[in-house]
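Student: One letter stands for each residue in the lines below.
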Amino acid sequence: GAGVSQTPSNKVTEKGKYVELRCDPISGHTALYWYRQSLGQGPEFLIYFQGTGAADDSGLPNDRFFAVRPEGSVSTLKIQRTERGDSAVYLCASSPQGQSTGELFFGEGSRLTVL
Amino acid sequence: GNSVTQMEGPVTLSEEAFLTINCTYTATGYPSLFWYVQYPGEGLQLLLKATKADDKGSNKGFEATYRKETTSFHLEKGSVQVSDSAVYFCALSGNNFNKFYFGSGTKLNVKP
Numbered sequence: 001g002a003g004v005s006q007t008p009s010n011k012v013t014e015k016g017k018y019v020e021l022r023c024d025p026i027s028g029h030t031a032l033y034w035y036r037q038s039l040g041q042g043p044e045f046l047i048y049f050q051g052t053g054a055a056d057d058s059g060l061p062n063d064r065f066f067a068v069r070p071e072g073s074v075s076t077l078k079i080q081r082t083e084r085g086d087s088a089v090y091l092c093a094s095s096p097q098g099q100s101t102g103e104l105f106f107g108e109g110s111r112l113t114v115l
Numbered sequence: 001g002n003s004v005t006q007m008e009g010p011v012t013l014s015e016e017a018f019l020t021i022n023c024t025y026t027a028t029g030y031p032s033l034f035w036y037v038q039y040p041g042e043g044l045q046l047l048l049k050a051t052k053a054d055d056k057g058s059n060k061g062f063e064a065t066y067r068k069e070t071t072s073f074h075l076e077k078g079s080v081q082v083s084d085s086a087v088y089f090c091a092l093s094g095n096n097f098n099k100f101y102f103g104s105g106t107k108l109n110v111k112p
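Those sequence lines, one after another, are chains Y and V.
Everything in the first sequence is counted per our numbering, starting at 1 for the first residue and increasing by one.
Everything in the second sequence is counted per our numbering, starting at 1 for the first residue and increasing by one.
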């Protein structure tokens with residue numbers, strides 16, 4: 001069974017550009033999370049999906065950040081007008097619906113560098 | 001609010017040494033507590049967890065006890081191996097597991 005897959009693994013872009021980061025969760029996992037990890041820091045919550053809907057987007061830093069999950073599987077994190085401060089590793093995680101263990105299954109992350 | 005504080009690294013130990021990585025938390029309500037580990041080149045993975053006070057989580061020789069009175073969840077291992085070299089993250093979540101709060105991570109280096 002495949003784990004959580006994130007693409008691209010590395011993305012270098014220029015300030016002001018638009019970026020999309022993709023997450024393919026484990027098949028059958030209905031919960032999906034996006035986190036951001038800056039250098040030397042732990043993962044910081046961005047958004048949580050249950051199925052197709054964003055159940056909690058309180059961690060999105062501003063309106064330049066947006067995420068979708070139209071069919072309840074693959075999710076895309078979209079960043080408009082990128083800034084140098086957006087440089088970080090963006091992590092995606094998934095978990096089965098209704099599970100009580102609280103275990104998150106993480107991908108290896110997409111490293112974003114904004115020049 | 002919710003937050004996790006863990007000891008800064010890196011921690012460097014010789015093989016078979018005793019390991020402690022301190023973790024304390026601040027939370028509203030009754031959180032669940034976790035240790036995640038990130039091996040080089042891999043994604044974070046769950047190491048162990050505890051969901052209520054006085055519970056002990058254990059896995060791969062690692063242990064941590066949920067101490068409500070000291071708001072702590074320290075990670076311990078009696079005899080570390082080179083293969084334990086990794087970054088360890090303490091985390092907490094509410095009981096609905098919608099949002100997790102992570103510490104800043106502690107890098108462990110184990111030398112032969």
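There could be a bad hint or two in this list.
[Unchecked claim] The calculated lysine-lysine pairs, modelled on BS3-like cross-linking and capped at a C-alpha distance of 27 Å, are:
hint : chain 1 : residue 1 : chain 2 : residue 2
1    : V       : 68        : V       : 107
2    : Y       : 17        : Y       : 78
3    : Y       : 11        : V       : 60
4    : V       : 52        : V       : 111
5    : Y       : 78        : V       : 111
6    : V       : 68        : V       : 111
These are calculated hints, taken from the structure and not from any lab test.
Student: Each hint needs a verdict: does it hold in this structure or not?
Tutor: Hints, one by one, checked against the model:
1. With a C-alpha separation of about 25 Å, the suggested pairing of residue 68 of chain V with residue 107 of chain V holds against the 27 Å cut-off.
2. A distance of roughly 11 Å separates the Cα atoms of residue 17 of chain Y and residue 78 of chain Y; the hinted pair therefore holds under the 27 Å criterion.
3. About 35 Å separates the Cα atoms of residue 11 of chain Y and residue 60 of chain V, which puts this hinted pair outside 27 Å; it is violated.
4. The suggested pairing of residue 52 of chain V with residue 111 of chain V is violated, with an alpha-carbon distance near 35 Å, which exceeds 27 Å.
5. Pair hint residue 78 of chain Y plus residue 111 of chain V does not hold up; C-alpha atoms about 42 Å apart against a cutoff of 27 Å.
6. Only pairs whose Cα atoms come within 27 Å are accepted, and residue 68 of chain V paired with residue 111 of chain V is rejected, the gap being roughly 34 Å.
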